[in-house]
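Just so you know, the protein sequences line up as chains A and B, in that order. Here full-length UniProt numbering is used: the first residue of the first sequence is 1, the next is one more, and so on. Here full-length UniProt numbering is used: the first residue of the second sequence is 1, the next is one more, and so on.
Derived by calculation from the structure, the hints in this document are not laboratory data. Among the clues, some could well be false.
One copy or any two copies: either way a pair holds, since identical chains are not told apart in the list.
As the list claims (entries may be wrong) - Below 20 Å or equal to it, Euclidean Cα-Cα: the simulated SDA-like pairs (lysine to any residue) are:
| no. | residue 1 | residue 2 |
| --- | --- | --- |
| 1 | LYS191 | ARG153 |
| 2 | LYS55 | GLU27 |
| 3 | LYS191 | ILE150 |
| 4 | LYS191 | ILE160 |
| 5 | LYS55 | VAL43 |
| 6 | LYS191 | GLN85 |
| 7 | LYS191 | PHE106 |
Note that the structure is a prediction, hence the values are computed from the model and not measured.
One-letter residues, chain by chain:
2 protein chains.
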Amino acid sequence: MARTTGSHSDITGPRIRETALRLFAAEGYAAVSMRKIAAEVGVQAGALYNYTPDKQSLLFDLMRGHMDDLLAARADAGQGGTPTQRLQEFTRFHITYHEDRPHEIFIAYMELRNLTPENFEVIEALRGRYEDELSGILQDGVASGEFTLIDPRIATRAIISMLNGVTTWYRRGGRLSLAEVEAIYWDMVRKAVGA
Amino acid sequence: MARTTGSHSDITGPRIRETALRLFAAEGYAAVSMRKIAAEVGVQAGALYNYTPDKQSLLFDLMRGHMDDLLAARADAGQGGTPTQRLQEFTRFHITYHEDRPHEIFIAYMELRNLTPENFEVIEALRGRYEDELSGILQDGVASGEFTLIDPRIATRAIISMLNGVTTWYRRGGRLSLAEVEAIYWDMVRKAVGA
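Here chain A stands alone, though its shape is the one from the complex (with noise of 0.2 Å):
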């Protein structure tokens, strides 16, 4: 994405980037305009094109944003250990990761059907990139003996389907703490795979 240099685009990106991802959430992609955007954000509808050519680009860069940095905090966190436990430790990333990005969750499944097609292939490579990630644990509990799985890559899917859930119906201040979340998705997944 083009971006003018300075300490004004510094502070209005990031507006903008957080306003559009806001608006998209509640209202669809189709239906918030450019002009809509830069109200919000209180500039004028030239100055959105100053920061971004187009709303497709503005969804992609909000889209490959949140794969990149889902992807790089991923590659932080812990990954040593025994299938079990880099399994355990994917489960914990996963929810903690999201919990507090619904918006960004919900564009990223929701929205895919507005990308152009070369946009969704880079989406969906990035994608793939993190579901290989717990395909390749689930591999190597397979091969160690650890789990017990029918299809491999279908449980990627499952497990991931079931983690997402917790957005749609998790709020902090409620009965559950993140960590009891946690632990009782973390007893599911465990006993879902057979360890």
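Following the hints, position chain B against chain A.
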């Protein structure tokens, strides 16, 4: 929803519903106008308003219709046996029922944000009735000692999230038959609940 009677609206009604469902799923509720739906159906906008008072009613009717159909189909399904047998039946039922309804499941989650508070409450109550069926099975299984679960209510959400994920990737004619997918998911669900 108010409907006019007679053969004309008998034909037009299902076409309006099918078209609205497809357009809402493809573009999002907020981006689709009544005029656009009418044009796709091939009627004047006025004819659409003979069928439904407004777009909110149309969305609500689609979502309520989906939940009513789901609950009716569920009531017809076999529900006897042990908790383990009932859980297997529920797993199979959920995957089979939703497999050829990706639009409905997509909208059922995604467009909750676009319902009025009163309509949201109705849909949430229907969804609650469906989830209560699974929760009841899980609670019975814990009571009988067949299942080991930390929190049956959270397990309900986790299992439904996992099973809903099937619609995001499964395509007929691919590597796996629906029966194989059901077997893979049942293996994971069964183990996840400790059965």
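Do the hints match the structure? See the list:
For a Cα distance limit of 20 Å, the shortest separation of LYS191 from ARG153 qualifies both inside one copy, at 17 Å, and across copies, at 17 Å. Proximity of LYS55 to GLU27 under the C-alpha cut-off of 20 Å is found in both arrangements, the shortest distances being 14 Å within a copy and 15 Å between copies. Within a single copy, LYS191 and ILE150 get their C-alpha atoms as close as 14 Å, and across copies as close as 12 Å, so both meet the 20 Å cut-off. Within a single copy, LYS191 and ILE160 get their C-alpha atoms as close as 15 Å, and across copies as close as 17 Å, so both meet the 20 Å cut-off.
Taking the shortest alpha-carbon separations for LYS55 and VAL43, only the intra-copy value of 16 Å comes in at or below 20 Å, while the best inter-copy value is 32 Å. Proximity of LYS191 to GLN85 under the C-alpha cut-off of 20 Å is found in both arrangements, the shortest distances being 13 Å within a copy and 19 Å between copies. For the homomeric pair LYS191 and PHE106, neither the shortest alpha-carbon distance inside one copy (28 Å) nor that between copies (29 Å) is at most 20 Å.
When each numbered hint is compared with the structure, a violation occurs for hint 7 only.
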